[in-house]
Amino acid sequence: TQLLEQSPQFLSIQEGENLTVYCNSSSVFSSLQWYRQEPGEGPVLLVTVVTGGEVKKLKRLTFQFGDARKDSSLHITAAQPGDTGLYLCAGKGTSQGNLIFGKGTKLSVKP
Amino acid sequence: NAGVTQTPKFRILKIGQSMTLQCTQDMNHNYMYWYRQDPGMGLKLIYYSVGAGITDKGEVPNGYNVSRSTTEDFPLRLELAAPSQTSVYFCAGGGLYNEQFFGPGTRLTVL
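These protein sequences, in sequence, are chains Y and A.
Numbering of the first sequence is given in my numbering, commencing with residue 597 and proceeding in unit increments.
Numbering of the second sequence is given in my numbering, commencing with residue 994 and proceeding in unit increments.
Check each hint, because a few of them may be wrong.
Some but not every residue of chain A turned toward chain Y, in silico, with C-beta under 10 Å [claimed, not checked]:
(1) V997
(2) G1009
(3) M1034
(4) L1038
(5) Y1041
(6) A1045
(7) Y1057
(8) Y1090
(9) N1091
Once the Cα atoms are required to be at most 30 Å apart in a straight line, the calculated DSS-like pairs of lysine-lysine come out as [stated by the list, open to error]:
(10) K702/Y <-> K653/Y
(11) K1050/A <-> K666/Y
(12) K1007/A <-> K706/Y
(13) K699/Y <-> K655/Y
(14) K655/Y <-> K702/Y
(15) K653/Y <-> K1037/A
(16) K702/Y <-> K666/Y
(17) K699/Y <-> K666/Y
(18) K1002/A <-> K1037/A
(19) K666/Y <-> K652/Y
(20) K702/Y <-> K1037/A
(21) K1050/A <-> K1007/A
(22) K1037/A <-> K652/Y
(23) K702/Y <-> K652/Y
(24) K652/Y <-> K706/Y
(25) K666/Y <-> K655/Y
(26) K1050/A <-> K1037/A
(27) K1050/A <-> K1002/A
(28) K1007/A <-> K699/Y
(29) K1002/A <-> K699/Y
(30) K652/Y <-> K1007/A
(31) K653/Y <-> K699/Y
(32) K653/Y <-> K666/Y
(33) K666/Y <-> K1037/A
(34) K699/Y <-> K652/Y
(35) K1037/A <-> K1007/A
(36) K706/Y <-> K653/Y
(37) K1002/A <-> K702/Y
(38) K655/Y <-> K706/Y
Rather than coming from a laboratory, the hints here were simulated on the basis of the structure.
All of these numbers come straight from a predicted model, not from anything done at the bench.
We put the CB at the ideal spot given by N, CA and C, even for glycine.
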């Protein structure tokens, strides 16, 4: 069974700080996605990475897919209160068709 | 486009009651999914569909049923509600790379 481990589970920081959250597995994924979920709403797709070593930037968010396609990281620069939410990673296995979700990192950015 | 819509937003059931959670999409997705989300447990796939008339079990299908008579609609049926089915349920449409477009969710409590 493929698993995705996310760390840390919780993160509370001050506005303006930088942070990195991680998504790790012992399995290889053909692609990996990051979602942000705000309380009372459904997750919203932020990015999809498909190539080992790929780096994608979305304003202050930088996403990286590991060279071996087993891990990924999300780095936020100068965090803002609007970044508060649950960050989920999800991977598509090389053999199975459905996504596997991690349990998420709950981020709180205080003004 | 409204995207993926779900009704109801909230529901309280008594043990043994039945109900249908509605999901409709106007994005012409062939793939559709039902997930449940429990605190600290991430998203678990209940059922999915690759097109009208085709459905298949996910990771946690027991106690649920689905149908897909049209591309737009993918209802989830609970026949005999149990307290273990207390959860937040999300319907999603799937894109070309399995990216998920989630609805706003249905919060279900079984007492």
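Going through the hints against the structure:
no., hint, verdict
1, V997, "holds (8 Å)"
2, G1009, "violated (28 Å)"
3, M1034, "holds (6 Å)"
4, L1038, "holds (6 Å)"
5, Y1041, "holds (6 Å)"
6, A1045, "violated (18 Å)"
7, Y1057, "violated (16 Å)"
8, Y1090, "holds (6 Å)"
9, N1091, "holds (5 Å)"
10, K702/Y <-> K653/Y, "holds (21 Å)"
11, K1050/A <-> K666/Y, "holds (26 Å)"
12, K1007/A <-> K706/Y, "violated (40 Å)"
13, K699/Y <-> K655/Y, "holds (25 Å)"
14, K655/Y <-> K702/Y, "holds (20 Å)"
15, K653/Y <-> K1037/A, "holds (28 Å)"
16, K702/Y <-> K666/Y, "holds (22 Å)"
17, K699/Y <-> K666/Y, "holds (16 Å)"
18, K1002/A <-> K1037/A, "holds (19 Å)"
19, K666/Y <-> K652/Y, "holds (17 Å)"
20, K702/Y <-> K1037/A, "holds (18 Å)"
21, K1050/A <-> K1007/A, "holds (25 Å)"
22, K1037/A <-> K652/Y, "holds (27 Å)"
23, K702/Y <-> K652/Y, "holds (22 Å)"
24, K652/Y <-> K706/Y, "holds (26 Å)"
25, K666/Y <-> K655/Y, "holds (25 Å)"
26, K1050/A <-> K1037/A, "holds (12 Å)"
27, K1050/A <-> K1002/A, "holds (24 Å)"
28, K1007/A <-> K699/Y, "holds (29 Å)"
29, K1002/A <-> K699/Y, "holds (23 Å)"
30, K652/Y <-> K1007/A, "violated (47 Å)"
31, K653/Y <-> K699/Y, "holds (23 Å)"
32, K653/Y <-> K666/Y, "holds (20 Å)"
33, K666/Y <-> K1037/A, "holds (20 Å)"
34, K699/Y <-> K652/Y, "holds (22 Å)"
35, K1037/A <-> K1007/A, "holds (23 Å)"
36, K706/Y <-> K653/Y, "holds (23 Å)"
37, K1002/A <-> K702/Y, "holds (23 Å)"
38, K655/Y <-> K706/Y, "holds (20 Å)"
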